[in-house]
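Based on the provided sequences and hints, a complete structural model is requested.
2 protein chains.
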Amino acid sequence: MKERLNIGLLGMGVVGTGVCQLLAEQREAIAARTGVEICITKALASPYDDKTAIAQKYGFELTSDIQEIYQDDAIDVIVELIGKIDPAKDFILGAFAHKKHVVTANKDLLATHGPELTAAAQQAGVALYYEASVGGGIPILRTLSTHYLPDTITSISGIVNGTTNYMLTKMLADNLSYEAVLAEAQAKGFAESDPSNDVDGIDAAYKMVLLTKFAFGMTIEMKDVSITGIRGLAIEDIAHAQQLGYEVKLIGTAQKTPSHHLAVSVGPVLVPKSHPLASINYEFNGVYIESTGIDRSMLYGPGAGARPTATSVLADLTVIAKNKVAGITEPFVTFEQPTKLAAPNELRQCYYIALNQPLAANQQKLEWINQESMAEKAFMTKPLSQSELTAELSIFEDGQISQIMKVMEE
Amino acid sequence: MKERLNIGLLGMGVVGTGVCQLLAEQREAIAARTGVEICITKALASPYDDKTAIAQKYGFELTSDIQEIYQDDAIDVIVELIGKIDPAKDFILGAFAHKKHVVTANKDLLATHGPELTAAAQQAGVALYYEASVGGGIPILRTLSTHYLPDTITSISGIVNGTTNYMLTKMLADNLSYEAVLAEAQAKGFAESDPSNDVDGIDAAYKMVLLTKFAFGMTIEMKDVSITGIRGLAIEDIAHAQQLGYEVKLIGTAQKTPSHHLAVSVGPVLVPKSHPLASINYEFNGVYIESTGIDRSMLYGPGAGARPTATSVLADLTVIAKNKVAGITEPFVTFEQPTKLAAPNELRQCYYIALNQPLAANQQKLEWINQESMAEKAFMTKPLSQSELTAELSIFEDGQISQIMKVMEE
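Protein sequences appear in the order of chains A and B. If you're matching positions, the first sequence starts at 1 in the numbering used here and goes up one per residue. If you're matching positions, the second sequence starts at 1 in the numbering used here and goes up one per residue.
Since the hints were made in silico from the structure, they are not lab data. Each hint should be verified, as a subset may be incorrect.
Copies of the same chain look alike in the list, so a pair counts if it fits in one copy or across any two.
Unchecked claim - Within a straight-line C-alpha distance of at most 20 Å, the following computed SDA-like cross-link-like pairs (lysine to any residue) qualify: (1) Lys406 with Ser385; (2) Lys170 with Ala124; (3) Lys340 with Glu3; (4) Lys406 with Val325; (5) Lys89 with Gln67; (6) Lys223 with Ile235; (7) Lys2 with Glu336; (8) Lys2 with Pro331; (9) Lys2 with Thr334.
Structural data, given as structure tokens:
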């Protein structure tokens, strides 16, 4: 007789519905390979939102009282797909208090309250898995915890926000302005009516907080991430970058400095066309890893969407199912290192500078300018620290500079 | 007190030495995260090959008698890095007979005797892991077994041979002939003096046999793979492909036909430049997966080399170490499906055809030719089955066709 793993589902939006559907499709195949039948038995629904159709279709009970899920001893795992902090956080802590495992896709919550939740799960002796929170369907977090365990990562860089990557790809492909692309993305449902979370780099920063923990073992907070968004990026800058041999991408990077401190940032970056991240277009995501063992590797896939994200949720559930049979509980991440953040000037890098007027004759031969990159109204610098950059740029008049972006090395 | 996992090492070539070195670098970090110290305690060395220096450097004993490793009850795992079939196969079966786990990078052996070895490991209740056998440092096999377990893969395509990808990249980049690039690769040690295994597609086919098992659960043999190599590929064909918007890559593909049969092939393929596999250059490998859950994803990294391959070996050892603490043994792959191979004409695809002379006027308007792709001495077909292709090509004279390659869909 097969074991069962019973799920209490919180959240029946796009991803929650995706989990119901994929599980219906995959239940038998999963049972054949793990010996465990995974069943959604109850779901939490607001009394103001009729979910009877989906409950009947997939054969589970509805309740408007979270206690009914907590108190149900047959439920092994709570799958939280409500998102945001409240009430998701309390629901997850409640699950732990009732010795139930939790699977979630909630990046906002994990990035802001990860250590507290992880500690609570550990104390309760249950699992807290969140593969779906970074890179949608991409198998990034568990792979960092397993395959990269015997490796030393020196930097991890990713296109981890699909909305902005879609916008940047579309600006270049159709020669559209930032405003026009944003309006189109909103009309198609790829961007929200208030797009700040995506275009200001907040969503990417949440993911970098999580990637930093899995890649370096270091716990950081949102305030430790230097964040720049893509709001108002000019199509001219993308065109200039093309001429110089680069694509403009919103890149999150966590990297070790020569003195082993960590610098974490999110911002628009000029990526050399030969770099694997350069050819990631539209809504796709990619995470590029440099390490002392494997050297250079990348994982690529859809960064969002109901079915990819639901697959990551099912992958977490499958691990819990196998562990139930084996009688063990595995933590999601075992990497613990003291957090040592880099000082602002520890990293030197090249910058792209765009101007509103051409450089004056006496500005063109400046020693810190990469002369080969000189265009009429844009150029790249030699490697500079942040304060060196600020000092050099002080020769420009107010309003002469229209854009500054980092440049990724080949 | 920490647990120990003791290793008996067979093979101290490039990868074996890499394992010694990486383990020396990573032992403490692995112990901190798993609670297990992994130690090479004995290595097998031929009496004709002095390995004292490496044994002293890394602190293990040497023996010329495999029995001394088998009989050593303190040894938990045998790491086999000799390669080829004999004596590696007997050594591995001997390890199982003595209840020792095995980690290997031996793709030839697993592709030709995988089912026998897997059954022997299972019967002995030990693990047989071989992450390093496909894609060097890329975390492909275990990820297929875990993250893709709740997904249904419809096709898996890879650049899984670094030597030929290096050669193809170099031909285009430096406008060199096949012969010139092969000679250069041999001089640099990237290709062997007898390059058949790489250039004739044999090595890639071994890897496709393994990927087929992990992606589809189907056991196939080398004879089931339709293999074409890159021997004698003309630089003109690569240039033609460029003009049409394609890169030429040696691609291994295992894909489901509409009737759920499996077609597995290795050969030079025209890959659209917008496809993620198109930008994988030089010695890098990539495995691209289409599935009903995640949709489209790819894993990318170095396909060979001492440190990347050794990292995959260490990743396998780390799993065995964690399982030792948990008191469990996990099989590497649990996917079992009846093998249903496609008939030769089940798949229809587009082909690239290169000619020695331009098409005659009465040949140019043929209905099965993709008219948009017409060049002076090359064109692409509309989708055809293999026998349709043969029938259509019968109108050409002997020697009029210089090259036929498959074309990958966008």
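Now the hints, each set against the structure:
no.: 1; hint: Lys406 with Ser385; verdict: within (11 Å within a copy, 50 Å between copies)
no.: 2; hint: Lys170 with Ala124; verdict: neither (47 Å within a copy, 56 Å between copies)
no.: 3; hint: Lys340 with Glu3; verdict: neither (45 Å within a copy, 30 Å between copies)
no.: 4; hint: Lys406 with Val325; verdict: neither (49 Å within a copy, 46 Å between copies)
no.: 5; hint: Lys89 with Gln67; verdict: within (15 Å within a copy, 57 Å between copies)
no.: 6; hint: Lys223 with Ile235; verdict: neither (30 Å within a copy, 53 Å between copies)
no.: 7; hint: Lys2 with Glu336; verdict: between (37 Å within a copy, 17 Å between copies)
no.: 8; hint: Lys2 with Pro331; verdict: between (25 Å within a copy, 19 Å between copies)
no.: 9; hint: Lys2 with Thr334; verdict: between (31 Å within a copy, 16 Å between copies)
Checked against the numbered hints given earlier, this structure breaks hints 2, 3, 4 and 6; the rest are met.
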